[in-house]
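Visitor: So the protein lines, in turn, are chains A and B. Note that the first sequence covers residues 1 to 277 in my numbering. Note that the second sequence covers residues 1001 to 1260 in my numbering.
Source of the hints: derived by calculation from the structure; they are not laboratory data. Just so it is clear, the structure is predicted and the values come from calculations on it, not from any experiment. There could be a bad hint or two in this list.
With a straight-line Cα cutoff of 25 Å, these simulated SDA-like cross-link-like pairs (lysine to any residue) come out [stated by the list, open to error]:
{"no.": "1", "chain 1": "B", "residue 1": "Lys1045", "chain 2": "A", "residue 2": "Glu126"}
{"no.": "2", "chain 1": "B", "residue 1": "Lys1223", "chain 2": "A", "residue 2": "Leu63"}
{"no.": "3", "chain 1": "B", "residue 1": "Lys1086", "chain 2": "A", "residue 2": "Arg270"}
{"no.": "4", "chain 1": "A", "residue 1": "Lys9", "chain 2": "B", "residue 2": "Pro1183"}
{"no.": "5", "chain 1": "A", "residue 1": "Lys174", "chain 2": "B", "residue 2": "Ala1161"}
{"no.": "6", "chain 1": "B", "residue 1": "Lys1224", "chain 2": "A", "residue 2": "Asn148"}
{"no.": "7", "chain 1": "B", "residue 1": "Lys1223", "chain 2": "A", "residue 2": "Gly229"}
{"no.": "8", "chain 1": "A", "residue 1": "Lys9", "chain 2": "B", "residue 2": "Pro1007"}
{"no.": "9", "chain 1": "A", "residue 1": "Lys9", "chain 2": "B", "residue 2": "Leu1181"}
{"no.": "10", "chain 1": "B", "residue 1": "Lys1223", "chain 2": "A", "residue 2": "Trp109"}
{"no.": "11", "chain 1": "A", "residue 1": "Lys204", "chain 2": "B", "residue 2": "Leu1008"}
{"no.": "12", "chain 1": "A", "residue 1": "Lys204", "chain 2": "B", "residue 2": "Thr1095"}
{"no.": "13", "chain 1": "A", "residue 1": "Lys9", "chain 2": "B", "residue 2": "Arg1251"}
{"no.": "14", "chain 1": "B", "residue 1": "Lys1086", "chain 2": "A", "residue 2": "Arg5"}
{"no.": "15", "chain 1": "B", "residue 1": "Lys1224", "chain 2": "A", "residue 2": "Arg53"}
{"no.": "16", "chain 1": "A", "residue 1": "Lys9", "chain 2": "B", "residue 2": "Ile1072"}
{"no.": "17", "chain 1": "B", "residue 1": "Lys1224", "chain 2": "A", "residue 2": "Ala130"}
{"no.": "18", "chain 1": "B", "residue 1": "Lys1223", "chain 2": "A", "residue 2": "Gly150"}
{"no.": "19", "chain 1": "A", "residue 1": "Lys9", "chain 2": "B", "residue 2": "Ala1167"}
{"no.": "20", "chain 1": "B", "residue 1": "Lys1223", "chain 2": "A", "residue 2": "Lys174"}
{"no.": "21", "chain 1": "A", "residue 1": "Lys204", "chain 2": "B", "residue 2": "Lys1045"}
{"no.": "22", "chain 1": "B", "residue 1": "Lys1086", "chain 2": "A", "residue 2": "Leu8"}
{"no.": "23", "chain 1": "A", "residue 1": "Lys9", "chain 2": "B", "residue 2": "Asp1153"}
{"no.": "24", "chain 1": "A", "residue 1": "Lys174", "chain 2": "B", "residue 2": "Leu1186"}
{"no.": "25", "chain 1": "A", "residue 1": "Lys9", "chain 2": "B", "residue 2": "Leu1186"}
{"no.": "26", "chain 1": "A", "residue 1": "Lys9", "chain 2": "B", "residue 2": "Thr1170"}
{"no.": "27", "chain 1": "B", "residue 1": "Lys1175", "chain 2": "A", "residue 2": "Leu8"}
{"no.": "28", "chain 1": "B", "residue 1": "Lys1224", "chain 2": "A", "residue 2": "Leu129"}
{"no.": "29", "chain 1": "A", "residue 1": "Lys204", "chain 2": "B", "residue 2": "Pro1007"}
{"no.": "30", "chain 1": "B", "residue 1": "Lys1223", "chain 2": "A", "residue 2": "Arg5"}
{"no.": "31", "chain 1": "B", "residue 1": "Lys1223", "chain 2": "A", "residue 2": "Ser149"}
{"no.": "32", "chain 1": "A", "residue 1": "Lys9", "chain 2": "B", "residue 2": "Phe1173"}
{"no.": "33", "chain 1": "A", "residue 1": "Lys174", "chain 2": "A", "residue 2": "Pro93"}
{"no.": "34", "chain 1": "B", "residue 1": "Lys1065", "chain 2": "A", "residue 2": "Phe108"}
{"no.": "35", "chain 1": "B", "residue 1": "Lys1224", "chain 2": "A", "residue 2": "Asp246"}
{"no.": "36", "chain 1": "B", "residue 1": "Lys1223", "chain 2": "A", "residue 2": "Ser144"}
{"no.": "37", "chain 1": "B", "residue 1": "Lys1223", "chain 2": "A", "residue 2": "Phe112"}
{"no.": "38", "chain 1": "A", "residue 1": "Lys9", "chain 2": "B", "residue 2": "Ala1149"}
{"no.": "39", "chain 1": "A", "residue 1": "Lys9", "chain 2": "B", "residue 2": "Leu1069"}
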Amino acid sequence: MKTSRAELKATLPSFGWLLLFVLVPTLLVLAIAFRTTDPAGGIGNSWTLDHFRALGHKSIAILLWRTLWISALTTALCLILALPVAWFTSRAPLRWRSRLLLLVIVPFWTNFLIRVFAWNQILHSEGGLARFLRSINLLGENDSLLFNSGAVVLVSVYTYLPFAILPLYAAAEKFDFALLDAARDLGASALKSFTAVFLPGIRKGLATAFLIVFVPMLGSYVVPDLVGGTDGQMIGNKIAQRNFADRNLPAASAMAALLTLFVLTPLLLRKRETAEP
Amino acid sequence: MKSSRLPLITTILVLAFFYLPIAVLVLNSFNASRFGTTWQGFSLKWYERLLERDDLWIALGNSLKIAALASIGAMILGTCAAFALKRFRTRLQTTHHALVTVPLVLPEILMGMSLLILFVAIGQPLGLATVTIAHITFCLSYVALVVLARLQDFDFNVVEAARDLGATRTQAFFKIVLPLLAPGILAGGLLAFTLSIDDFVVTFFVKGPGSDTLPVVIYSMIKKSREFPVINALSTLLLLITFAAVWTSQRLTTRTAPHT
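Only chain B is shown next, with the shape it has when bound in the complex (with noise of 0.2 Å):
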């Protein structure tokens, strides 16, 4: 078949539209024009300006602990809930399956409006805690489909024979599975970490005084209209740390699955 040329092209115009936006922030942090319209020589007084705002600070920190918190918590569940939906073929769990996929397949929003009125209804008061079981919750399916793709060509025969060797069934646990699946736990460990970074919909319903995540601190940001300059350089450190984030993972992925 003769091929045409309209793939190419397109392709090329979808990549330059995603990146596009991308770096006229990363040139309008060096922009010292306050506005970004013009280009006004090179600056890092933006950078110096991030420097000075406390809350940013504290709410990176704040990020930073619901991130780990929600990581882990996420590896553990969600690296049960994968080792449950391979190891098992019962009615119990394709209604587990069902209710580990809700929550990817759920709009942000009424995530966020469901934990709300669960945490009101309790009265739970809100604060770093309910964000951070909120973030476990989306994360946890993330988790779990990565580790059930690691899992797919796990053979179970390999703990059959530890036991038949004597192991206990923690042992077997902790010494077999856990090592042979801990690259795929690891790399859902890492996309939880991001999913929580980044998230903002979700933190926003369930946010409590004293628990502004970044994304909140940034919306708050550019909803005010100010500072847009202060945010531009702010983006361009969180690109460069998406940028090692992502890089990091491509090896952890290509290490563990050389096949593909």
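Chain A extracted, bound-state conformation (with noise of 0.2 Å):
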């Protein structure tokens, strides 16, 4: 079809907003990334691969490794927690069903940060439940529950597992499950008929609730920053850094555009595996 007159004036105004502030700054960052650094903090006047070279530093692929077991550990927990989730809900009566869904949410409504913050003060080092395992000799007396990266993975959880439930139980909710009676029928044992049946027709809500909350962990900046601690840093952090205490926007774009690269993956393998029949 050829894109009449009444298409283009009710695509403009979204296709044009899109296209300055989501296209343009991104393209732009990829370009900035290559400029030098102005000593003022602004971005210099030639070009240079610098910044780069420098993202092959051992410390940077560090940062990497942690982000992406942090970010893929969290993403497992949430499939493996969600998924009883799901099937519960779903099998529940239809009353029930909304009533779940909505205590799923609610959370996902509240402000992140103070979701983030009730977790730094049931974590807190002289919060109740530190004493508690101190007392019973769980944690030395200088271990502490928050600053490390476990804590960055359970708040993480914490605040991505309702994407996670979501998703899994829009797929659930269309499954037929006598197909696990047929199954179970047949002979299969209940963990073969889920593993074999159920996981496989739930397939597309697996990899939506995977994508929704891995591609944000790889860019997650404020868990990391507000229970992380030195150990707990993640690729965000160090963007952050290069912006605001640095002062190094060229810097702080070639790391961005390394991030760009590693969201980008796995959404383009998402996309040519919707495009299979």
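Take the two lone chains and join them into the complex the hints point to.
Guide: This is the structure we're talking about:
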């Protein structure tokens, strides 16, 4: 079909806005990453590859590796916890389904910082939990529940779990549970029918849940900043540090370009998967 | 198939996991103890302290201003986007659809970072205007999705009918399409409003002097590890507002879509 004038008029406002404030800035980041740094904190006038060379530094590799495994572990835990919830909710009586869903959604409507802050208080070294664990010798005198990568995973699971439950529920609700009975009748074990029939049946939901948790996790910034300490820093923290503490926009841009690459990979893989019949 | 207890137990544990931290927060806001480690009696002093914090009230004002402007902007642009995406099936719309989806999947830090670079590059001073532009950008996509979902069972024949009966294109849009879509647009606007109020990362990158929003102030209070009980009190108030907003939007959605 050809593009009509009416279509142009309807498309232009949002298309133009997104072009100007999403596409152009993203390309600009890529361009600025090749610029030198102005000593005053601005963007220099000449071109350089230095910022990309700096990404090869060992400390960045450590940071990237940590970003990857924290994101992967968080995503795995979210999926493992979300599966039974989605299963239970989709098999509950209709009246109960919407109530259960609402219970899942409400924490996600709560201010994100406040949810992180709640954990900050619970895990605090002077908090009740830390004292209790110390009293039964599960926690060393100088150990802390806060400011390590474990705390980052825990709090990330807390903030992203609702996002994993919703797509899994949507997929499970459409799944025909009679198929499981059929599999059992044909002699499959409960586990076998779960892995060979149920999981493939909700494959699309699983893929969505994976992306919706994993991709934003890669760019995680607030959670590691507030509960991660030095051992729990992720690539997002480095970008922010280059921006705000070092005032080095080109270096931050190079790192952002690297993160964009990491983010695009799973998204493009997904695109190919959905393009297949 | 014999039903296992595992799903039920996990669901209960997950819900407890969701609500326990929130409960601790609310409880601690009434705790007279400064550190919230032990219960030292009921007190409203943190709420009184909250009233004295002028910076918080200014920040709340900024948040509300930005959220109102951003949700109106996103409602207009998002509705246009949804309308175009549903009405036309061309290559242009495939690109359009991809552009609308990008802000939904782009990590916030990348969006904040790229917008900051844009504003620096064009020499736009950072402030309320830049924060509002950034918020419209990510809210737009959510509004478009919500309106698009409502448009799924929209019958474009009514537009043709109106046109046949002599309405101009503009009249048909304002008198037929808009009233039919109003509940969906409002639901999208409400979502945009909460997303805007809630946003920290993007705001943190593009804010300037005098444009601190409530999350920005909360963040710096947490970072400085001071006045935790005051944040508790503030959080409890915000929770109340959230619950009221969820309740309202639930009412809006159930009324417009009785079949779900």
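Visitor: Now look at each hint and say whether the structure bears it out.
Guide: How the hints compare with the structure:
{"no.": "1", "hint": "B/Lys1045 - A/Glu126", "in the structure": "22 Å, holds"}
{"no.": "2", "hint": "B/Lys1223 - A/Leu63", "in the structure": "22 Å, holds"}
{"no.": "3", "hint": "B/Lys1086 - A/Arg270", "in the structure": "23 Å, holds"}
{"no.": "4", "hint": "A/Lys9 - B/Pro1183", "in the structure": "24 Å, holds"}
{"no.": "5", "hint": "A/Lys174 - B/Ala1161", "in the structure": "36 Å, violated"}
{"no.": "6", "hint": "B/Lys1224 - A/Asn148", "in the structure": "18 Å, holds"}
{"no.": "7", "hint": "B/Lys1223 - A/Gly229", "in the structure": "12 Å, holds"}
{"no.": "8", "hint": "A/Lys9 - B/Pro1007", "in the structure": "50 Å, violated"}
{"no.": "9", "hint": "A/Lys9 - B/Leu1181", "in the structure": "19 Å, holds"}
{"no.": "10", "hint": "B/Lys1223 - A/Trp109", "in the structure": "23 Å, holds"}
{"no.": "11", "hint": "A/Lys204 - B/Leu1008", "in the structure": "23 Å, holds"}
{"no.": "12", "hint": "A/Lys204 - B/Thr1095", "in the structure": "23 Å, holds"}
{"no.": "13", "hint": "A/Lys9 - B/Arg1251", "in the structure": "34 Å, violated"}
{"no.": "14", "hint": "B/Lys1086 - A/Arg5", "in the structure": "16 Å, holds"}
{"no.": "15", "hint": "B/Lys1224 - A/Arg53", "in the structure": "35 Å, violated"}
{"no.": "16", "hint": "A/Lys9 - B/Ile1072", "in the structure": "19 Å, holds"}
{"no.": "17", "hint": "B/Lys1224 - A/Ala130", "in the structure": "21 Å, holds"}
{"no.": "18", "hint": "B/Lys1223 - A/Gly150", "in the structure": "19 Å, holds"}
{"no.": "19", "hint": "A/Lys9 - B/Ala1167", "in the structure": "18 Å, holds"}
{"no.": "20", "hint": "B/Lys1223 - A/Lys174", "in the structure": "44 Å, violated"}
{"no.": "21", "hint": "A/Lys204 - B/Lys1045", "in the structure": "51 Å, violated"}
{"no.": "22", "hint": "B/Lys1086 - A/Leu8", "in the structure": "14 Å, holds"}
{"no.": "23", "hint": "A/Lys9 - B/Asp1153", "in the structure": "23 Å, holds"}
{"no.": "24", "hint": "A/Lys174 - B/Leu1186", "in the structure": "28 Å, violated"}
{"no.": "25", "hint": "A/Lys9 - B/Leu1186", "in the structure": "23 Å, holds"}
{"no.": "26", "hint": "A/Lys9 - B/Thr1170", "in the structure": "12 Å, holds"}
{"no.": "27", "hint": "B/Lys1175 - A/Leu8", "in the structure": "21 Å, holds"}
{"no.": "28", "hint": "B/Lys1224 - A/Leu129", "in the structure": "22 Å, holds"}
{"no.": "29", "hint": "A/Lys204 - B/Pro1007", "in the structure": "21 Å, holds"}
{"no.": "30", "hint": "B/Lys1223 - A/Arg5", "in the structure": "53 Å, violated"}
{"no.": "31", "hint": "B/Lys1223 - A/Ser149", "in the structure": "18 Å, holds"}
{"no.": "32", "hint": "A/Lys9 - B/Phe1173", "in the structure": "13 Å, holds"}
{"no.": "33", "hint": "A/Lys174 - A/Pro93", "in the structure": "15 Å, holds"}
{"no.": "34", "hint": "B/Lys1065 - A/Phe108", "in the structure": "23 Å, holds"}
{"no.": "35", "hint": "B/Lys1224 - A/Asp246", "in the structure": "20 Å, holds"}
{"no.": "36", "hint": "B/Lys1223 - A/Ser144", "in the structure": "17 Å, holds"}
{"no.": "37", "hint": "B/Lys1223 - A/Phe112", "in the structure": "15 Å, holds"}
{"no.": "38", "hint": "A/Lys9 - B/Ala1149", "in the structure": "22 Å, holds"}
{"no.": "39", "hint": "A/Lys9 - B/Leu1069", "in the structure": "23 Å, holds"}
When held up to the earlier numbered hints, the structure conflicts with 5, 8, 13, 15, 20, 21, 24 and 30 and fits the remainder.
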